[in-house]
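S.K.: With chain F's structure known, arrange chain H on it following the hints.
2 protein chains.
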Amino acid sequence: MLNKSLIVRLNIILFVFFLISCENNEITNKADNKSVSDTIKLEKDTLVVAKDTTEHKTDIDRVEIQQNIIETKIVVEQVQTKLITQEEKDEINENPLSSWNDNETKQRIIDFVNTITDKNSKSYVKPENRIASVDIDGTLWAEKPLYFQLYFVFDRIKAMVPDHPKWKRDKLIQAVLKGDVDKIRTYGPQGLAKLMTITQSEMYTDEFENTVLDWIKIAKHPETNRYYTEMIYQPMLELINYFKANEIKVYLVSEGGIDFIRPWSEIVFGIPKEQVIGSRQKLELQFVDNKPVLFKNPKVEYVNSGKNKVISIYQIIGKVPIISIGNSDDDISMLEWTYYRSTPHLVAIVHHTDDDREYYYDKDSKIGKLNEGLILAKENNWLIFDVKNDWKKVFSFE
Amino acid sequence: MLNKSLIVRLNIILFVFFLISCENNEITNKADNKSVSDTIKLEKDTLVVAKDTTEHKTDIDRVEIQQNIIETKIVVEQVQTKLITQEEKDEINENPLSSWNDNETKQRIIDFVNTITDKNSKSYVKPENRIASVDIDGTLWAEKPLYFQLYFVFDRIKAMVPDHPKWKRDKLIQAVLKGDVDKIRTYGPQGLAKLMTITQSEMYTDEFENTVLDWIKIAKHPETNRYYTEMIYQPMLELINYFKANEIKVYLVSEGGIDFIRPWSEIVFGIPKEQVIGSRQKLELQFVDNKPVLFKNPKVEYVNSGKNKVISIYQIIGKVPIISIGNSDDDISMLEWTYYRSTPHLVAIVHHTDDDREYYYDKDSKIGKLNEGLILAKENNWLIFDVKNDWKKVFSFE
Chain F
589 MLNKSLIVRL NIILFVFFLI SCENNEITNK ADNKSVSDTI KLEKDTLVVA KDTTEHKTDI
649 DRVEIQQNII ETKIVVEQVQ TKLITQEEKD EINENPLSSW NDNETKQRII DFVNTITDKN
709 SKSYVKPENR IASVDIDGTL WAEKPLYFQL YFVFDRIKAM VPDHPKWKRD KLIQAVLKGD
769 VDKIRTYGPQ GLAKLMTITQ SEMYTDEFEN TVLDWIKIAK HPETNRYYTE MIYQPMLELI
829 NYFKANEIKV YLVSEGGIDF IRPWSEIVFG IPKEQVIGSR QKLELQFVDN KPVLFKNPKV
889 EYVNSGKNKV ISIYQIIGKV PIISIGNSDD DISMLEWTYY RSTPHLVAIV HHTDDDREYY
949 YDKDSKIGKL NEGLILAKEN NWLIFDVKND WKKVFSFE
Chain H
589 MLNKSLIVRL NIILFVFFLI SCENNEITNK ADNKSVSDTI KLEKDTLVVA KDTTEHKTDI
649 DRVEIQQNII ETKIVVEQVQ TKLITQEEKD EINENPLSSW NDNETKQRII DFVNTITDKN
709 SKSYVKPENR IASVDIDGTL WAEKPLYFQL YFVFDRIKAM VPDHPKWKRD KLIQAVLKGD
769 VDKIRTYGPQ GLAKLMTITQ SEMYTDEFEN TVLDWIKIAK HPETNRYYTE MIYQPMLELI
829 NYFKANEIKV YLVSEGGIDF IRPWSEIVFG IPKEQVIGSR QKLELQFVDN KPVLFKNPKV
889 EYVNSGKNKV ISIYQIIGKV PIISIGNSDD DISMLEWTYY RSTPHLVAIV HHTDDDREYY
949 YDKDSKIGKL NEGLILAKEN NWLIFDVKND WKKVFSFE
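Protein chains in written order, with our numbering: chain F, 589 to 986; chain H, 589 to 986.
The following block holds chain F by itself, in its conformation from the complex (with noise of 0.2 Å):
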């Protein structure tokens, strides 16, 4: 009973961010099936079906696919964080945010971060108290216009169609693979429920690391042209690593899929995948050749957003962050949850206000509306990262 509901629960959660988030009424098909790697077929009761379709690509594809995967592999050792060094922190912390605009909202950050780590401050706070919790979507990398995880759906669908010859007489799947966004809406929250379904769960959790890997790895945004791994906000990932420069430790807290982010969490931003906090499907401890493997079950165990992000946080770190990021209203409880839970405090909201750069939206948006988030923001004082006005650079290949 509780499974069904939580699957619709989120089937419409979902759904509604996806009907309203289509503001192109079209699904663009750059991010087309060449961009997929699609080493790993899924198969009920096999651990593993790995099958070579590349024959199902023409050669001047395969080279296409080789290429993005050198020149990936540099873009994401160019973002490499990992662990910092010593140096390397004492570096960031003689000159740091260099992409931000020396204003107040450069300093209020610098100003809080020397406050909690000078301990001769009131305001002193110790390293193991020292938690941030920071939202993905639209605050660290673009979300526009859609969720990067949608676009990782329907590349699936389109990957997979080779080798599931009957989808192709599915009105759904067909709608998909023409990037038929008004008539994949018909089909309400148990169509996209279907694709999430068939192109997340029922398989084992190496074979979707590896499945999201490969993607991130060569599939680009469908506006930019741009790897999904060059779409970071570089004032963001400066900011997260003067964070680690001073010892804070930094949670990413999204509605999107846990495993579809861990895999890259950790390339991208220098996050460990144990400070990933996301949704989470059911998963069931299967025995394959008398060996442990854990299966993803259909059924969604939580669903990451809202006031359960507060709860996630809770359960999961058991300490009330100092810093709160967000850019939306969906981000309002958690941070409020820092605002009146610690003292002292960071919290802060990206306004996205420049339509040149990068995109142009707040209350009217349909993806990361931010509405009562903003008024929020003044009333309580809560630092507000404009875009247009704080950045000196949105994104690195600037």
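Among the hints, erroneous ones may be present.
Which copy is meant is left open, so a pair is good if it fits within one copy or across any two.
Claimed, not checked - Below are the DSS-like pairs computed for lysine-lysine, each with C-alpha atoms no more than 27 Å apart in a straight line:
| no. | residue 1 | residue 2 |
| --- | --- | --- |
| 1 | K677 | K714 |
| 2 | K714 | K980 |
| 3 | K879 | K714 |
| 4 | K957 | K677 |
| 5 | K759 | K746 |
| 6 | K976 | K754 |
| 7 | K707 | K677 |
| 8 | K887 | K870 |
| 9 | K966 | K879 |
| 10 | K957 | K746 |
| 11 | K710 | K976 |
Hints listed in this document are in silico derivations from the structure and should not be mistaken for laboratory results.
As the structure is a computational prediction, the values presented were derived from the model and not from experiment.
M.R.: Just chain H, lined up with the frame of chain F:
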């Protein structure tokens, strides 16, 4: 439906271990109501109703409580490890595991740690992948004659009765007050669930944390008359510190309630709260005077035993521990997870073989039953920590 079935499941698990664990058919009254500081009374729908209930105690009792607080402070400070400095790490690595006998067991531990930290070794493991999962009851501290959390529950009942006069008419409560385990048994799982609900839920998380902290400062083990914080196995504390000195991140993975463990994990084991994984109740985000608080719902969200330990490790950490240590058949899944999934690995079982200094128990034990685990340990060459032969001392007070 699921919630109910989960509650029933927890009740059954708890009741089974409770029924079979009362090897002495009487709960000793040494840990009586004097031993519980009772600054917080549970009243529904109020945040904190602090009352001075010392009027129920004699002057002598009050002096004893004061004395206990002072003594415990010393005890807790003695075992407090917190964040280890580089100096302390060097010291530990120069002379590791001093309470362990110089035999093969100790040597295998040291060899393993040397291998994974040696950059020239082919078994070198990067610091970010050095995860250890360690059970608590019977592995890090004593679990006899009953799990300490059960004494906490009984002590709470005794402490709460003065403010709930009607409870005295309840036959089950009467049985707890008398320490009549046979009588408590006749109430079945529902009885124990009732006791746990009224002592550990329908309150705010802060209240519960303070209650546990107050209890751990004062309550004493019924057989040794030592503080529970002194019932830690000294060699295991050294092992944890040895791991920490080699950048191995230790997670405590227990069936015990996470909100019961976290208040003392940091001060007793030097393990931060975010490195504790346990059973969880559902939490609700509520607002008191417009400020957010978390309310402990009596429904059980997760029972962290057996296979569930593996699942929670994956959901929360996202990595396979390279070290797993337990002491009972309930830990087998967790141990096998490391054994089959990590190379290199160190898998170990604490075998309680010393009736003089602690307890002797294994396959016939009603608490911490160890039968299949011992067979698997021998078959697979897991380490067995034989208390009698491997440990110079069991507790620090010896």
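S.K.: Now, for every hint given, state plainly whether the structure supports it.
M.R.: Each hint, compared with the structure:
no., hint, verdict
1, K677 x K714, "both (18 Å within a copy, 20 Å between copies)"
2, K714 x K980, "neither (32 Å within a copy, 35 Å between copies)"
3, K879 x K714, "between (43 Å within a copy, 25 Å between copies)"
4, K957 x K677, "neither (35 Å within a copy, 49 Å between copies)"
5, K759 x K746, "within (14 Å within a copy, 65 Å between copies)"
6, K976 x K754, "neither (49 Å within a copy, 65 Å between copies)"
7, K707 x K677, "both (18 Å within a copy, 23 Å between copies)"
8, K887 x K870, "both (6 Å within a copy, 18 Å between copies)"
9, K966 x K879, "between (55 Å within a copy, 18 Å between copies)"
10, K957 x K746, "neither (30 Å within a copy, 51 Å between copies)"
11, K710 x K976, "neither (34 Å within a copy, 50 Å between copies)"
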